[in-house]
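Residue numbers (the working numbering), protein chains in the order written: chain D, 12 to 135; chain W, 12 to 135.
Accuracy of the hints is not assured; some may be wrong.
[Said to hold, decoys possible] Computed Cβ-Cβ distance ranges for the label pairs, DEER-style:
{"id": "1", "chain 1": "D", "residue 1": "Arg96", "chain 2": "W", "residue 2": "Arg96", "range": "53 to 59 Å"}
{"id": "2", "chain 1": "W", "residue 1": "Ser78", "chain 2": "D", "residue 2": "Asp124", "range": "46 to 52 Å"}
{"id": "3", "chain 1": "D", "residue 1": "Arg55", "chain 2": "W", "residue 2": "Ala76", "range": "45 to 51 Å"}
{"id": "4", "chain 1": "W", "residue 1": "Thr29", "chain 2": "D", "residue 2": "Gly99", "range": "52 to 58 Å"}
{"id": "5", "chain 1": "W", "residue 1": "Gly99", "chain 2": "D", "residue 2": "Arg105", "range": "56 to 62 Å"}
{"id": "6", "chain 1": "D", "residue 1": "Glu35", "chain 2": "W", "residue 2": "Glu35", "range": "34 to 40 Å"}
{"id": "7", "chain 1": "D", "residue 1": "Ala58", "chain 2": "W", "residue 2": "Thr29", "range": "54 to 60 Å"}
{"id": "8", "chain 1": "D", "residue 1": "Ala109", "chain 2": "W", "residue 2": "Val49", "range": "29 to 35 Å"}
{"id": "9", "chain 1": "D", "residue 1": "Ser81", "chain 2": "W", "residue 2": "Glu98", "range": "50 to 56 Å"}
Read the hints as simulated data drawn from the structure, not as lab findings.
The C-beta atom is built at its ideal place from N, Cα and C for all residues, glycine as well.
Protein chains: 2
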Amino acid sequence: MEHYIDVRPPSNRTRSLTHASPLEVSLQAALDALGDPVRRRIVRELAGGPDWTRACGTFTHLPVAKSTLSHHFAVLRNVGLLEQRDEGTRRLNRLRRAEFDDRFPGLLSLVLDEERDVPHDGRP
Amino acid sequence: MEHYIDVRPPSNRTRSLTHASPLEVSLQAALDALGDPVRRRIVRELAGGPDWTRACGTFTHLPVAKSTLSHHFAVLRNVGLLEQRDEGTRRLNRLRRAEFDDRFPGLLSLVLDEERDVPHDGRP
Chain D
12 MEHYIDVRPP SNRTRSLTHA SPLEVSLQAA LDALGDPVRR RIVRELAGGP
62 DWTRACGTFT HLPVAKSTLS HHFAVLRNVG LLEQRDEGTR RLNRLRRAEF
112 DDRFPGLLSL VLDEERDVPH DGRP
Chain W
12 MEHYIDVRPP SNRTRSLTHA SPLEVSLQAA LDALGDPVRR RIVRELAGGP
62 DWTRACGTFT HLPVAKSTLS HHFAVLRNVG LLEQRDEGTR RLNRLRRAEF
112 DDRFPGLLSL VLDEERDVPH DGRP
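Chain D with its partners taken away, still in its complex shape:
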């Protein structure tokens, strides 16, 4: 039976994932994606750990509904910031840091430095 494993199609969940390359993404789309504070937080949390270790299900501490969280992940994937793959019931993530940085130099660094870079008047 082992040869059947190799030709088995990917699960419907994995097949439904569409990925964009950062090279196809406009500045407008990138600014729209990173204009949301929850999405910037997801990006920062992913940058804080190794690739493919954080599942979407580990972000439920964020103050948004589960459906909103799914939308945020889809937006990040569609601007080439995120690669995702399913392993069993878990959807794992990789931040496409180098690729995004090549396309939009400096933008991701601003997001990653945001929390330690509070403006002079103390506003977040």
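Got chain D; can you put chain W on it based on the hints?
Just chain W, lined up with the frame of chain D:
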């Protein structure tokens, strides 16, 4: 009567202009300001000429109402991207390029390069 000229208060129009330093501005505010394509176009047009040469009245070719245009200029001023001063009936502009670039390295360059940097699929 000449000494009266020196002590004359600035006009109400000039006095009403509030300026923010980029150092006081959050990344959220900067992304919100530059998330609008008309505001990015204003920034690019200002970058294309010397400081203090473009008056607000020279932007009427942009496809927005005059009141909307005034709002866009106020938003750019409030995130430290724009310095303005009144000369007679003209409101002149200076792009605070170096100051903004110090606060948000790379962000302004992405905006200035946007028009010649079309993504691979040809979308704007």
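Verification of the hints:
1. The supplied range of 53 to 59 Å is met by Arg96 (chain D) and Arg96 (chain W), whose beta-carbon atoms lie about 55 Å from each other.
2. In this structure the hint that Ser78 (chain W) and Asp124 (chain D) lie 46 to 52 Å apart at CB is violated, the actual value being about 36 Å.
3. A hinted range of 45 to 51 Å for the beta carbons of Arg55 (chain D) and Ala76 (chain W) is inconsistent with their spacing of about 38 Å.
4. As the Cβ distance of Thr29 (chain W) to Gly99 (chain D) is approximately 56 Å, the hint placing it in 52 to 58 Å holds.
5. In this structure the hint that Gly99 (chain W) and Arg105 (chain D) lie 56 to 62 Å apart at CB holds, the actual value being about 58 Å.
6. A hinted range of 34 to 40 Å for the beta carbons of Glu35 (chain D) and Glu35 (chain W) is consistent with their spacing of about 36 Å.
7. Distance hint check for Ala58 (chain D) and Thr29 (chain W): the Cβ-Cβ separation is about 36 Å, which falls outside the suggested range of 54 to 60 Å.
8. Our hint of 29 to 35 Å for Ala109 (chain D) and Val49 (chain W) holds, since their Cβ atoms are close to 32 Å apart.
9. For Ser81 (chain D) and Glu98 (chain W), the Cβ-Cβ distance of about 53 Å falls inside the hinted range of 50 to 56 Å, so the restraint holds.
Checked against the numbered hints above, the structure violates hints 2, 3 and 7; every other hint is satisfied.
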